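Trainee: Make a model of the complete structure from these sequences and hints.
In the order they appear, the protein sequences are chains P, U and C. According to our numbering, the first sequence is numbered sequentially starting from 1. According to our numbering, the second sequence is numbered sequentially starting from 1. According to our numbering, the third sequence is numbered sequentially starting from 1.
These are computed hints drawn from the structure, not numbers from a lab. It is possible that some hints are incorrect.
[As the list claims (entries may be wrong)] Derived lysine-lysine pairs resembling DSS-like cross-links, with alpha carbons at most 25 Å apart:
#1 U:Lys2 <-> C:Lys10
#2 C:Lys289 <-> U:Lys88
#3 U:Lys48 <-> U:Lys155
#4 C:Lys10 <-> U:Lys143
#5 C:Lys250 <-> U:Lys56
#6 P:Lys76 <-> U:Lys88
#7 P:Lys69 <-> U:Lys48
#8 C:Lys47 <-> U:Lys161
#9 C:Lys10 <-> U:Lys161
#10 C:Lys295 <-> U:Lys56
#11 C:Lys10 <-> U:Lys30
#12 C:Lys289 <-> U:Lys2
#13 U:Lys2 <-> C:Lys47
#14 C:Lys10 <-> U:Lys155
#15 C:Lys10 <-> U:Lys56
#16 U:Lys155 <-> C:Lys47
#17 U:Lys56 <-> C:Lys289
Note that the structure is a prediction, hence the values are computed from the model and not measured.
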Amino acid sequence: MEFQTVYPGPWVDIDKSELLTNNVGEWRYRSPELEKSKCSHCGQCYLYCPTGCIEDKDTYFDANLAFCKGCGVCAKVCPVEAIRMTTGGK
Amino acid sequence: MKEIRLHGRGGQGVVMASEILAVAFVAEGKYATAFPSFGTERRGAPVKAFLRTDDKPIREITQIYDPDCLLLADPFFQNVAEVFDGLKPEGILVMNSQVPVERSPHKNAKLLGVVDATSIALQEIKRPSTNTCLVGAFAATTKWLSLDTIELALKEFFNGKALEGNIRCARRGFEEAKIIKF
Amino acid sequence: MGAIAEGEIKVLSGNQSTAEAVVLCQPDVVAAYPITPQSEVVEELSKFHAEGALQAELVEVESEHSAMSVLIGASSSGGRTFSATSSHGLLYMFEAYFYASTLRLPIVMAHVCRELAAPNTVLCSQQDILTMRDAGWIQIHCASCQEILDSIIMAYRLAEDPSILLPVNICYDGHYLSHLSARVEVPNQADVLTFLPQKKLRECRLDPDKPMMQAPFLGGKLFTEYRYKHCSAMQNALQKIDYIDGEFQKSFGRSYGGLIEEYRTEDAEIVLVALGSAASTAKAVIDVKRNEGMKVGLIRIRSFRPFPSDRLEKAIRGKKAIGVIDRDVCFGWNTGIVFLELRALLTRLGISMPLVNFIAGLSGADITVNHIGRAIDTTQKAALNKPHQEVTWLDLE
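Mentor: Structure below.
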């Protein structure tokens, strides 16, 4: 019998295998819009983001829209209100 | 027997849409079964629902492989080939789209019902739950159910302001769905 | 009472059907812990309880082990009880589960059939409950939401019968039945109460005014007497299950065949044997095969425990081959579990007949019309003594 799985027991080698990833950004109906000048680079949005999609751009943090679900947590926790959830653009 | 397959993402109300339609079919004196198929239960994950309706008791309890009708809750799915697997020739497609549809997304989809369910839902219930709007569009496109029965069925799922909002969604889905024959 | 009672038509999922039935049976104590795909049962019962429709003491527990332990206490005190679980929940409560049947407590528990890890899964199979076949519970398998509702009502009448006094599992497939919404007729309360036995305190119970010792430490012979009596009760249940199904038909107009349901078996040359939702689908496939000229029938086993040997014998005598669909595996025999039970039956009856096994539907895999068609074709090959495999893993080959 031919098998698609590799090992006797249910193990997957992460380096060798292609794990399924979802570009959850497709789900989004509102996006985080950053006012760069306001960003104090504190990292709260980065820490709180449930999908971990916020990236450190050296002087500011910004969401990677491929994985951003548009939940709005970053906008809520930003202490300087630099992020606004908008439906314009995608 | 009619087999209807619904596609959407977790949170769009696809499972509830299949249940609303099941209630509506039974209210009109028919038999109906509906069940969902999903992987992990979370917002955004792909969800399918399988709805069957017939004049006699339904015995098949399997997923649907040869649907007579497809219902797409998210515009994204019209570009996913597998969504159309098994659609019968002369198939019906009910879909949510923000832009006008010029061509049928699949050769077997000969009758289309297109409605901007996302916008209607955001306007009427302030959430992108497209299910009740699409249920109205389904009734208008297939003519297998009346809008009155849909509104009756909605009472099983909502009350108060939510019921009013979802009835408006269903009505607008029914009235604003663009029915196109290809 | 001559008239057949009519109920209210609703669209309910399998889990909702369970909850509706429980409310109608008026248990005294309910304790259940949520687990996919059973969670809706607990949610619905909580809603009914909050609304006042369910008058029971709803005990919130932190695990399935506690849920069954609470029910053992409540049932031992004479109360009517209910729980529900699935797969790992059943495993978690196993210690108490075995205790409940050997204490001879008439507990009724809905069981939603789900796969056992590993690999990780929450999806359908019958591995969990069939693996527990030796725990001494009565085990009835359903194939529709209506049957789930009706079977829970019948379960209380069965469990509380003085010649039985055994806990009953009403089993149904995870997602394929638990989450299947369908047209269901819900009987009205008065008719259900008429059908059910009057609640009365059993002679053996925990009661400070009438002290009795429960489950003393026993060695050898005396212990063995209890095991024998337990088996006798299982034996009594064979006739009782058929009888109660007949009574249910008189009262509510619906029958499921009792221990087994037979579909087009009378003149069949080959038969399929299956449990649960796949058996329902099989009826549709059999109709297609019949139109093509094949003489095939279906035996749907409802009562897996007690095992319905006599009813099965009548159903299979004279047939040319049997195909068994298993939604489970038996490690060590490396076949399905139901297959092994049929094999034991054929040996006991001295019948030599080709018996073939199909393993399918594990971890939520769909048992499709095509799978069942293949099972029928292979069973037909076996009947004609053509070369065939004894065990086919339908999703792997």
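Trainee: Could you run down the list of hints and mark each one as holding or not?
Mentor: Going down the list of hints, with the structure as the test:
1. Proximity of Lys2 of chain U to Lys10 of chain C is assessed by CA-CA distance (about 20 Å); at most 25 Å being required, the pair is judged to hold.
2. The straight-line distance between the Cα atoms of Lys289 of chain C and Lys88 of chain U is roughly 22 Å, inside the 25 Å bound, and the hint therefore holds.
3. Between the alpha carbons of Lys48 of chain U and Lys155 of chain U the distance comes to roughly 24 Å, so the proposed pair stays at or under 25 Å and holds.
4. Proposed proximity of Lys10 of chain C and Lys143 of chain U is supported: the alpha carbons are some 23 Å apart, at most 25 Å.
5. For a cut-off of 25 Å, the pair hint linking Lys250 of chain C to Lys56 of chain U stands: about 23 Å separates their Cα positions.
6. A hinted pair counts as satisfied when its Cα atoms are at most 25 Å apart, and Lys76 of chain P with Lys88 of chain U does not qualify at roughly 48 Å.
7. Only pairs whose Cα atoms come within 25 Å are accepted, and Lys69 of chain P paired with Lys48 of chain U is accepted, the gap being roughly 20 Å.
8. Proximity of Lys47 of chain C to Lys161 of chain U is assessed by CA-CA distance (about 21 Å); at most 25 Å being required, the pair is judged to hold.
9. Between the alpha carbons of Lys10 of chain C and Lys161 of chain U the distance comes to roughly 24 Å, so the proposed pair stays at or under 25 Å and holds.
10. At most 25 Å may separate the alpha-carbon atoms for a hinted pair to count; Lys295 of chain C and Lys56 of chain U meet this at roughly 24 Å.
11. The suggested pairing of Lys10 of chain C with Lys30 of chain U holds, with an alpha-carbon distance near 12 Å, which does not exceed 25 Å.
12. With a CA separation close to 21 Å, the supplied pair Lys289 of chain C and Lys2 of chain U stays within the 25 Å bound.
13. Restraint check for Lys2 of chain U and Lys47 of chain C: not satisfied, since their Cα atoms lie roughly 34 Å apart, outside the 25 Å limit.
14. Taken as a hint, the Lys10 of chain C and Lys155 of chain U pair is honoured in the structure, with Cα atoms around 13 Å apart against an allowance of 25 Å.
15. Of the supplied pair hints, the one linking Lys10 of chain C and Lys56 of chain U holds, its CA atoms being roughly 16 Å apart against a limit of 25 Å.
16. This hinted pair checks out: Lys155 of chain U and Lys47 of chain C have alpha carbons roughly 18 Å apart, not beyond 25 Å.
17. Annotation: proposed proximity of Lys56 of chain U to Lys289 of chain C holds, straight-line Cα distance about 20 Å (limit 25 Å).
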